[in-house]
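Line by line, the protein sequences are chains A and B.
With numbering that gives the first Met the number 0 applied, the first sequence corresponds to residues 0 to 280, in that order.
With numbering that gives the first Met the number 0 applied, the second sequence corresponds to residues 0 to 434, in that order.
Hints listed in this document are in silico derivations from the structure and should not be mistaken for laboratory results.
Any given hint could be a false lead.
[Unchecked claim] Once the Cα atoms are required to be at most 25 Å apart in a straight line, the calculated DSS-like pairs of lysine-lysine come out as: (1) Lys-149/A to Lys-291/B; (2) Lys-138/A to Lys-101/A; (3) Lys-149/A to Lys-101/A; (4) Lys-291/B to Lys-101/A; (5) Lys-101/A to Lys-408/B; (6) Lys-138/A to Lys-291/B; (7) Lys-149/A to Lys-138/A.
As the structure is a prediction and not an experimental result, all values here were calculated from the model.
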Amino acid sequence: MNPPEMLLHVENLTMRFGGLTAIDDLSLDVPAGCITAVIGPNGAGKTTFFNCLTGFYKPTTGRVCLNHPRRGTLQLETLESYQVASRAQVVRTFQNVRLFAKMTVLENLIVAQHMRLQAASCFSLAGLFGLPGYRRAEKQAIEIAVDRLKRLNLIDRADAVAGDLPYGMQRRIEIARALCVDPVLLCLDEPAAGLNPRESAELNELLQSLVRDEGLSILLIEHDMSVVMNVSDHICVLNYGRKIAEGSPEKIQNDPHVIKAYLGEEGDEALDEMMSAGVAP
Amino acid sequence: MSVVVIAHQAPSAAERFRDATAVAFVALLLGIPMIGLTTVDQGGALQVATRWPVLFAFVVIVFVGRLLARYVIDAINVRQRARRKASGIVARKHGVISAWIGWGCFGLAILMPMVFPDNRYVIDTATTVLIYVMLGWGLNVVVGLAGLLDLGYVAFYAVGAYSYALLSTQFGWSFWQALPVAGGLAASFGIVLGWPTLRLRGDYLAIVTLGFGEIVRVILVNWTALSGGPNGIASIPRPSFFGLPFTPPGDVPTFASFFGLEFSPLHRIIFLYYLILTLAMFTNLFVSRLRKLPIGRAWEAMREDEIACKAMGMNVTNVKLSAFAIGAMLGGIAGVFFAARQGFISPESFTFNESAIILAIVVLGGMGSQLGVVLASLVLVLLPELGRDFAEYRMLLFGTAMILIMIWKPAGILSRREPTLRYSQPEAGSAGTRS
Numbered sequence: 000m001n002p003p004e005m006l007l008h009v010e011n012l013t014m015r016f017g018g019l020t021a022i023d024d025l026s027l028d029v030p031a032g033c034i035t036a037v038i039g040p041n042g043a044g045k046t047t048f049f050n051c052l053t054g055f056y057k058p059t060t061g062r063v064c065l066n067h068p069r070r071g072t073l074q075l076e077t078l079e080s081y082q083v084a085s086r087a088q089v090v091r092t093f094q095n096v097r098l099f100a101k102m103t104v105l106e107n108l109i110v111a112q113h114m115r116l117q118a119a120s121c122f123s124l125a126g127l128f129g130l131p132g133y134r135r136a137e138k139q140a141i142e143i144a145v146d147r148l149k150r151l152n153l154i155d156r157a158d159a160v161a162g163d164l165p166y167g168m169q170r171r172i173e174i175a176r177a178l179c180v181d182p183v184l185l186c187l188d189e190p191a192a193g194l195n196p197r198e199s200a201e202l203n204e205l206l207q208s209l210v211r212d213e214g215l216s217i218l219l220i221e222h223d224m225s226v227v228m229n230v231s232d233h234i235c236v237l238n239y240g241r242k243i244a245e246g247s248p249e250k251i252q253n254d255p256h257v258i259k260a261y262l263g264e265e266g267d268e269a270l271d272e273m274m275s276a277g278v279a280p
Numbered sequence: 000m001s002v003v004v005i006a007h008q009a010p011s012a013a014e015r016f017r018d019a020t021a022v023a024f025v026a027l028l029l030g031i032p033m034i035g036l037t038t039v040d041q042g043g044a045l046q047v048a049t050r051w052p053v054l055f056a057f058v059v060i061v062f063v064g065r066l067l068a069r070y071v072i073d074a075i076n077v078r079q080r081a082r083r084k085a086s087g088i089v090a091r092k093h094g095v096i097s098a099w100i101g102w103g104c105f106g107l108a109i110l111m112p113m114v115f116p117d118n119r120y121v122i123d124t125a126t127t128v129l130i131y132v133m134l135g136w137g138l139n140v141v142v143g144l145a146g147l148l149d150l151g152y153v154a155f156y157a158v159g160a161y162s163y164a165l166l167s168t169q170f171g172w173s174f175w176q177a178l179p180v181a182g183g184l185a186a187s188f189g190i191v192l193g194w195p196t197l198r199l200r201g202d203y204l205a206i207v208t209l210g211f212g213e214i215v216r217v218i219l220v221n222w223t224a225l226s227g228g229p230n231g232i233a234s235i236p237r238p239s240f241f242g243l244p245f246t247p248p249g250d251v252p253t254f255a256s257f258f259g260l261e262f263s264p265l266h267r268i269i270f271l272y273y274l275i276l277t278l279a280m281f282t283n284l285f286v287s288r289l290r291k292l293p294i295g296r297a298w299e300a301m302r303e304d305e306i307a308c309k310a311m312g313m314n315v316t317n318v319k320l321s322a323f324a325i326g327a328m329l330g331g332i333a334g335v336f337f338a339a340r341q342g343f344i345s346p347e348s349f350t351f352n353e354s355a356i357i358l359a360i361v362v363l364g365g366m367g368s369q370l371g372v373v374l375a376s377l378v379l380v381l382l383p384e385l386g387r388d389f390a391e392y393r394m395l396l397f398g399t400a401m402i403l404i405m406i407w408k409p410a411g412i413l414s415r416r417e418p419t420l421r422y423s424q425p426e427a428g429s430a431g432t433r434s
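Looking at chain A on its own, in the form it has when it is part of the complex (with noise of 0.2 Å):
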């Protein structure tokens, strides 16, 4: 791979609430087209790391812009979140699953594309007239909605309410939502929470298929190590709000700052049952 470009570019990001500094002179590069993973103990600022990049909440100092490759270097943090999520196409999914819980899968993913929808159709008046040019976007993008659906093998629950589906469809379905908001940069939460291990296994393949055939890039928070390990190009690590270690996969697990911060002081004893419970890939 050639030495990738940076898509994300995070600098001197500190995030305080009230005397709580959540994060703390934060610097971080996120490379296009490969997997990035942010790990950290709980409480580590990782959650809250995501919400200032989307927009949710607005840091204290700092500034994270994005490369895009479309229209050129966007400030993150002067945007409003749903602008975030329209204007710089940077798309996250949540820790707790939120989805539209009484609408149908096939509803869910149309509402993610919302705002090309409500564009043709010129402030609903195409589309209450039925006016050819919103039938199209509307055809359009059902045919978008149902290639994710296809791709991520849930099509055929596509008019089941997406509420009433088991835990591990409904990850996969919040995923498949946010790709139809069609993003430069994709933010996942967690996206491994309550999987079981089959699951976790075809989410590693989604990530890296996503990467490999569309030249997405993945920004993660994640626990599950197995995901982490396996998936990421790049790991940056989080304790107390600060970056401990960043690197590959390989240098991280090998890291003293990270296995004191996972593990306390023993290391060695510790470690070893972190190799025997299959951490290690």
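Position chain B relative to chain A; hints supplied.
Then chain B, alone, in the frame of chain A:
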């Protein structure tokens, strides 16, 4: 004492018996002061008398009634569970049945004045039902689809009514000229209410909208120069039939003289009925169409999860304001009709009670269901009317009906949501049969 529980499996006979005994015991406790004891006038002095046989009969009736009711409720529950287990094919069938009921109601509504051509009371009541149906459909956009609990909907109804009243009495505007303007005014009031409440949800939004409804009413009561205060606005012109007034024959051509009919005051009543039917059907068409457009799906998505909507790139501000504006516009149009029909309006017609009834229609009907609103309006408007024979027990009957609906249909009369679009399976046989 056993608590009333909606059983997951049909209970045994012993359980049913215990349940009925418990209910009969409560009835006994309540019945001692209310039925068992009574006052009788004996020689000018009131004395307490007992009616134990009546009380005993009452308790027995409650006991047997509870046994029967329990049996019916369980049977319905079991059937519903079976239906829920059944596949998407049933869902489709359900949609077809709803559509047929809808068309049936529409047909009946059209034929109604022909069936009762001379019965002013029936047509008047039907007109009232249709006003509530239209208000329910309007509020359904805000509460049912967008999930924004609005307790001050009557404010928009009032804005529409007063807009028409003022435009017609002060500036001589006709009904059809004022209709869009009043709708637009109400919509802008919707946005005025929407702006400060953008960040609020649920209970907090409900309180603010409740306050807004009251503010509008209090302004109407106190701003005498504009609204006439508590005296209201009288002699509001009635709508005409394409310029032909419904007046006794005179110099100008009237509806009766133009069509060579004998003048009858009923013509106007029937015309008003068809007018509100048209307005309501327009509302229905408009809302069901919007629901299948991106904006409608956005409303429903926002009801489900606002944060996820933002993450999908949706500008939630616009989505919310559009729901408020369109709901308010429909309420305003209903208000114009109300003013034109009554010929007189005062703040008295726009109390919180009205908001509560409209909201009850939406909730009882099943949030988001168009046909549910029709059925709930029928229930809520007709029950008090039918109950007139029962005099003081009228509101009791009304309350009982509401409680029964909520027991049997906790999510409203029609709670099944129809998807806005479907992925039609190529092989129809396998559609949704997998569990």
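A quick look at each hint next to the structure:
1. With a CA separation close to 23 Å, the supplied pair Lys-149/A and Lys-291/B stays within the 25 Å bound.
2. The straight-line distance between the Cα atoms of Lys-138/A and Lys-101/A is roughly 22 Å, inside the 25 Å bound, and the hint therefore holds.
3. A hinted pair counts as satisfied when its Cα atoms are at most 25 Å apart, and Lys-149/A with Lys-101/A qualifies at roughly 21 Å.
4. Distance restraint check for Lys-291/B and Lys-101/A: the Cα-Cα separation of roughly 15 Å lies within the 25 Å cut-off, and the hinted pair is therefore satisfied.
5. Restraint check for Lys-101/A and Lys-408/B: the C-alpha separation of about 18 Å stays at or below 25 Å, so the hint holds.
6. Straight-line distance between C-alpha atoms of Lys-138/A and Lys-291/B comes to about 13 Å, which keeps the hinted pair within the 25 Å bound.
7. A hinted pair counts as satisfied when its Cα atoms are at most 25 Å apart, and Lys-149/A with Lys-138/A qualifies at roughly 16 Å.
Violated hints are absent here; each numbered hint is respected by the structure.
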